[in-house]
Amino acid sequence: MKSYIKFICILLLAGCDDGFKNSNIELSNFIKPEYSFKESFFNCKLVEGQTLNSVERFIPKFINSFEQMGYNSEELYFLFPVKEETTETQFFNLLLKHGEATSLDRFNLTLAALSFNEIATCNGSTISNNSLRITNQTNFNSPAISEILDCEYIDGFNYATMKLVLEQFTDALKKNNSPVDVIYSEQEGMNNNFKWTNIFLSLESRRDFVESWQELEISKEIQELLLEQSMCQSSKTYRQYKVL
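Sequential numbering of the sequence shown, starting at 1, is according to our numbering.
Careful: at least some of the hints might be erroneous.
Okay, derived cross-link-like pairs now, DSS-like style, lysine-lysine, Cα gap no bigger than 27 Å in a straight line [what the hints assert, rightly or not]:
hint: 1; residue 1: LYS236; residue 2: LYS83
hint: 2; residue 1: LYS174; residue 2: LYS32
hint: 3; residue 1: LYS220; residue 2: LYS163
hint: 4; residue 1: LYS45; residue 2: LYS195
Hints are computed from structural coordinates only; laboratory data are not their basis. These numbers come from a predicted model, not from an experiment.
The whole structure should be built from the sequences, with the hints applied where relevant.
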């Protein structure tokens, strides 16, 4: 324990002469995210004349073909924006969670072989996010609610400085048995940007979580710390369906 404290003190003292920013840079060399999987996103739009029924009929064919190409432990999700029930959905997202870079190639090849572009046009994902689960408390059924925020670190901050905040946040969630899973992601080669994903059982579960979280005293402290270190765009909420 003494040697650990001494090590931390050396890290802190080493950055004093060069200022706060350099201290954070030094810290980031030692504290890095422990990624456990990759995420690849595709933004899609239905071709004129096609409907979500066309997408639904496509899914079994895709699963059969993808498995024949060597399916391992990949997971595929369809994400549809949460809108009014009467609003026709034209846009949706595909999310592939995988461990190997070759999985993305197999996925793209399968879509092309089955002529998915006749149903929907999707921007091809060539860069994947490295991801880790901040919490993994609940086994969510499909569908679930996925809330995604695209964020950027303020100059001088990074994952190393954010890690303590994440640990406080995780501890508070566990202590209050909060029904939410959180995924942190960074795009390869873009360490200044990160994606924050909250997953809930339902829209009602999300509403209840927000209300209960805001009542906690520690929530104000954590929110202030997050705002000091990063800026996030408005969240986007989806109904998330797991098909693979």
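Hint numbers contradicted by this structure
Of the numbered hints given earlier, the structure breaks none, since each of them holds.
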